[in-house]
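Enquirer: Chain by chain, the residues run as shown.
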Amino acid sequence: MVQSVPSPAPQTSIRIIGFLCNWCSYGGADTAGVCRFKQPTDLRVVRIPCTGRVDPLFVAKPLIYGVDGVLVSGCHPKDCHYAVGNLYARRRLEVLKNFLSFMGIDKRRFDYAWVSASEGQRWQQVVSDFSERIHQLGPNPLAGKGIPQPVQGPLTRAT
Amino acid sequence: MEASATTRLHQEVEASIGRLSTVLGWGAGYDPLHMTPLFVRSPEDIARLVWNPLCVQNLTGYLVKSPGVQPPEEGKKIGICVRGCDSRSLVALIQEKLISRENLYIIGIPCRGTVDIRRLMNESGLSNIRSVRIEKDLLIVDDANGAHNLPLERFLARRCLRCRHPNPVIHDVLLDEPVTPRTTAEDAYRDVESLEAQSLDQRRAFWSVELDRCLRCYACRNACPLCICQNRCIAETRDPRWLTQRVNLPEKFLYHFIHALHLAGRCTECGECERVCPMEIPVTLIKEKLNQITRDLLHYEAGLDPEAVPPLLTFNPAEAGI
Ligand code: SF4
Ligand code: SF4
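Chains as they are written, first to last, in our numbering: chain R, 1 to 159; chain W, 1001 to 1322.
Simulated from the structure, these hints should not be mistaken for laboratory data.
For each residue, glycine too, the CB sits at the ideal point set by N, CA and C.
It is possible that part of the hints are untrue.
What the hints assert, rightly or not - Which residues of chain R face chain W? A partial, calculated answer using Cβ under 7 angstroms:
#, residue
1, V34
2, V45
3, A83
4, Y88
5, R91
6, R92
7, F102
8, M103
9, G104
Chain R on its own, in the form it takes in the complex (with noise of 0.2 angstroms):
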């Protein structure tokens, strides 16, 4: 039975990309899915063969051009479907969290979490607290300034 529940879907646009392994993670969310829990619906799911390709880029690129969060889930460390992906990924994640403050953007825009394919429940933790924590940081400051703009100039022909 369908459960009726109010929307989580919350009034304020907000971008949130998710990165998730398609081993553990994306399982979990398919589980989650299919044991119909409730789940916020701002996330979007990018699907990745692991962690560990992950390129600290990824993360970095969508915070500069302005989305709101960037949550990358895998395998529980020791889990790896490649067997040490995570273990790579777990240190240079950790780095750049570290790092992202620095440059002004809030690190709590991003965030990395294990959940492997049976722990639907806890996906449902995992993106509902994450999802809550953008919301309450509000949009990205950074929104906005990479929307190219046309050049404006004295051969700028007029449309």
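Starting from the known structure of chain R, fit chain W with the ligands onto it as the hints suggest.
Expert: Coordinates of chain W with the ligands only, in the frame set by chain R:
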């Protein structure tokens, strides 16, 4: 003092040039304030070598990037003059197997600091500078009006003010007695800390103003001895296409994130990126923050141990707390 160091440098290179196919050092540039990299290939060139506080370039990049030095001839080595900071670049390059120690003859120079030339040029009251040397806490500048004693601290490059390793950490021969480091490890990150004492919004405002000046000329990348991708640098490739030709603040931010993150755990704080920036953007500061993080989190200082693996190129399953 520096004059005798130059003499010792000449003697040293004369003694070893038979075994070396090229020696990288510094020579006089287009005016007495500017020294320039010098590739010594024959004994006649040795007399052109100099060492003084205006020898500001880190030469190690020439070992790995083009246009650089030719590989050594059979049975010979490449000689290279290094200050403390440059020697750490060598260590980093050796760690990553970009150069091999066996091919190098390292002439180490204990360094008492190099001059921020822009600052010296902006100093009023000096004209036609002929020479510059360091004596204790003074920078002695000879110009058309005679000798001026200037406080050294005011004219040293920022990287030299915060230098913890003025003595080459790796060398075959040392030209001078080791000198005392100017800074302690605790003090080395004071510039990072003073920016951090500001609020998040102030920091964003600070970097927005600083980075907005960036021309994306890529001089900082080109001067960096550890930025070795050259024409595969993702700041310029069309595939993958990380950056465009557009001129806007986010692209500048992203470019600096690329440079900094690619140097995370590798940068030795040689300060070349900041020195060469035509817009005087404190770009090394960005990498200093990353180094402070890798020090605190992963207990690593770059460019000291040729056997060590840079921390982001490896992992530790047992790592707790992260
Ligand atoms: S990033 Fe700057 S300070 Fe670090 S190694 Fe490169 S040039 Fe030197
Ligand atoms: S050298 Fe300066 S202006 Fe040029 S790309 Fe680097 S930071 Fe920007």
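Enquirer: Look at each hint and say if it fits the structure.
Expert: Here is what the structure says about each hint:
no.: 1; hint: V34; verdict: 32 angstroms, violated
no.: 2; hint: V45; verdict: 21 angstroms, violated
no.: 3; hint: A83; verdict: 10 angstroms, violated
no.: 4; hint: Y88; verdict: 5 angstroms, holds
no.: 5; hint: R91; verdict: 6 angstroms, holds
no.: 6; hint: R92; verdict: 6 angstroms, holds
no.: 7; hint: F102; verdict: 4 angstroms, holds
no.: 8; hint: M103; verdict: 5 angstroms, holds
no.: 9; hint: G104; verdict: 3 angstroms, holds
Consistency with the previously given hints fails for numbers 1, 2, 3, ordered from lowest to highest.
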